[in-house]
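Engineer: The residues making up each chain are set out below.
There are 4 protein chains.
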Amino acid sequence: MNKLRKQNKIIETALKVFSKQGFYNTTVSQIADDLKMSVGNFYNYFPSKKSLARSAIVFVTKKLANNLRYINSQKITSEQKVKMFVKEYFAFIQQHPEMIEYFFRVYLSSRELFCEHEDCGFALAKEFIDEVHILFEDGVKNGEFVQKDFFVAFSCIAGILGGMTFLSGEHVLEQKIEDYCDSVAKTICHALK
Amino acid sequence: MNKLRKQNKIIETALKVFSKQGFYNTTVSQIADDLKMSVGNFYNYFPSKKSLARSAIVFVTKKLANNLRYINSQKITSEQKVKMFVKEYFAFIQQHPEMIEYFFRVYLSSRELFCEHEDCGFALAKEFIDEVHILFEDGVKNGEFVQKDFFVAFSCIAGILGGMTFLSGEHVLEQKIEDYCDSVAKTICHALK
Amino acid sequence: MNKLRKQNKIIETALKVFSKQGFYNTTVSQIADDLKMSVGNFYNYFPSKKSLARSAIVFVTKKLANNLRYINSQKITSEQKVKMFVKEYFAFIQQHPEMIEYFFRVYLSSRELFCEHEDCGFALAKEFIDEVHILFEDGVKNGEFVQKDFFVAFSCIAGILGGMTFLSGEHVLEQKIEDYCDSVAKTICHALK
Amino acid sequence: MNKLRKQNKIIETALKVFSKQGFYNTTVSQIADDLKMSVGNFYNYFPSKKSLARSAIVFVTKKLANNLRYINSQKITSEQKVKMFVKEYFAFIQQHPEMIEYFFRVYLSSRELFCEHEDCGFALAKEFIDEVHILFEDGVKNGEFVQKDFFVAFSCIAGILGGMTFLSGEHVLEQKIEDYCDSVAKTICHALK
DNA sequence: CATGAATGAGTGTTCATTCAT
DNA sequence: GATGAATGAACACTCATTCAT
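Protein chains in written order, with the working numbering: chain A, 466 to 658; chain B, 466 to 658; chain C, 466 to 658; chain D, 466 to 658.
Hints are not guaranteed to be accurate.
[Said to hold, decoys possible] Covered stretches of chain C (in silico footprint by chain D; criterion: 3 or more residues with CB under 8 Å from a CB of chain D, positions within the stretch not fixed): (1) 523 to 531; (2) 543 to 554; (3) 649 to 655.
[What the hints assert, rightly or not] Computed from the model, here is a short list of chain C residues facing chain D with C-beta under 10 Å: (4) Gln486; (5) Thr630; (6) Tyr645.
Note that these hints are calculated values from the structure, not bench results. This one's a predicted model, so the numbers in the text were calculated from it and none came from an experiment. Backbone N, C-alpha and C define an ideal beta-carbon position, used for all residues, glycine too.
Turn these sequences into a full structure, and let the hints guide you.
Structural biologist: Written out as structure tokens, the structure reads:
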């Protein structure tokens, strides 16, 4: 197994553990144990626990961005794209709760992990944000959405999905998350009009 | 100075430090130092660092809830209430960035701090959530908003505001946060229709 | 017991352990154990193991310097001063082998411990070197010694004593170190003529 | 390249790195890297890091001893031999500072590396010490030096040279080390009279 | 011979919490 | 109530050494 594959394997494990317990409550030994790997060997793949957290964010962001990139490339209305994205996103939450949880638990909250150097936290998510930008601007161009500040539009899309994710994670939703799909998509589209 | 006042003073300081550095990067000594108080004495007011974090959440939630409770009691349209809340909330971000930052950095992310016992994280914010519920239901009753699942509506209000807060904290907004007030309020109202 | 006294107590213990085992083979726990003190508490007195090593050097250097300063202040010939110093130095080796051993084992060899910042290793021993300078210059002034480069003179005094210390530490001397007193003093004086 | 040659190559590299960083701050990987060799392969040539350090001492000692042996074999006065040796030694410091530095940094200080078994540190340098012995005794026999305890004489020669080496390593000498040649040789001869 | 991934014991340091004063 | 020295378990990270390939 080559280095890259192993790094990915580590990231996948780390996502599970970090998302369940948070960054600071997870020890490197625990991650190594879960991987049936020695601590020392872990450090052959990542120079530090922090750098693992950073790589994990990039990993998740890329997945989300790829998802949305594919949707953006489809020949469908923007409204349909939103619906498709919400659906895919909720499916993603179901399949990989650890990735989304990780986003919430580690990325949003532990800025100190991501904000050393110039490569600030926001930059890490850039790829995803760019795709949201495209989704929105396309909608504006074809008249489906109304022009407004992109940051507001972004908060709208990411915020509403984030809110639902949080509620889902807190186990307070009364129905399964995918049942909210239509309602959430409609709400987002309304908001963008 | 009586016990309660001192506890509040500690909470206020803790909010500043926790919000800047995160819960795990802040030591009890540091909080005590900032308060010109001994570590030992700190433990006369809070039984643990975690319990301080919990009290701080309650403290902030109460502020937000009171704010919204007052707005809910006004004799104005629901749309005006939303606008008023967004305005107050953005002003609050300006005045007490530490409180909102704290919410994001510690509450959303460090579930382990809040989820021991049955007193789960969500319960801590209940007071605020209840007021959002009232705001929304009143709007539905008087025909300004459309009936939909409350959780979606909540995500809408809290999510969009949360998104803007995040972007503001990341310093990527091009204008001052209060300049987004109208646009955000309108977007929320659209979404709720 | 106040902070300074405790720091000195720690230094004294550290000298013993460091001199026996070397800096890198001594753990902080071990020093703490020897002091019947917890590791954590050790760090209330010294910010790091390295800083302890530095403080220890200053401590020993001061002792040697004070010794020589007193001798320099006496109203006796320079030759008598040399003899007196050799005698005192050898007695010192007997009484506090750990201090001298420490000098050899840690100071001479672990430059990396002492050469961060501008405060380079040499500077730490300055006080002692200054007194050697005085001893030599006084001797030159009163005609007992011949003018030569101070560095050569210093090597002469410190080098010969160092050599004897090394041999003593290696347990290869056939007699007790104090029995070499006269011979060594004479040799040094010869060398300075 | 045969085994012996490679061992020597490793020693030469180790001398450079050890002398610059000390034994404990140098990793086996680093030495291997510098040699463009794998860590695993290093262990085909030396059974341990410590044994490399020991071999390196023997290596340096042999060089110095050979140097002095050659000088001892010359048909010149003892005083001239001393002068010649100082000159060669200072040239050696210039050419191979790492070897001398190594002596100071690793040999004098890290006794634990050399004192396992009966093969104590002192024994390692025996070859060189024996030549110093010959130099001194020859001088005594032909009346140039005065009979005194050999250990004092040895401290005199090795100590003064060692002192100069230390000062040179600390970069406090005002002139180039070879400029001190005459003065040092004279001082040593004086001391031996 | 050569490689370098893997091991895992060991180290310096931190920090929430306690408690004698 | 107030102090801050003391505790000690815990953690990130290192590195000499091994061994399957």
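Engineer: Decide, hint by hint, whether the structure agrees.
Structural biologist: To see whether the hints hold, each was checked on the structure:
| no. | hint | result |
| --- | --- | --- |
| 1 | 523 to 531 | violated (count 0) |
| 2 | 543 to 554 | violated (count 0) |
| 3 | 649 to 655 | holds (count 4) |
| 4 | Gln486 | 7 Å, holds |
| 5 | Thr630 | 9 Å, holds |
| 6 | Tyr645 | 6 Å, holds |
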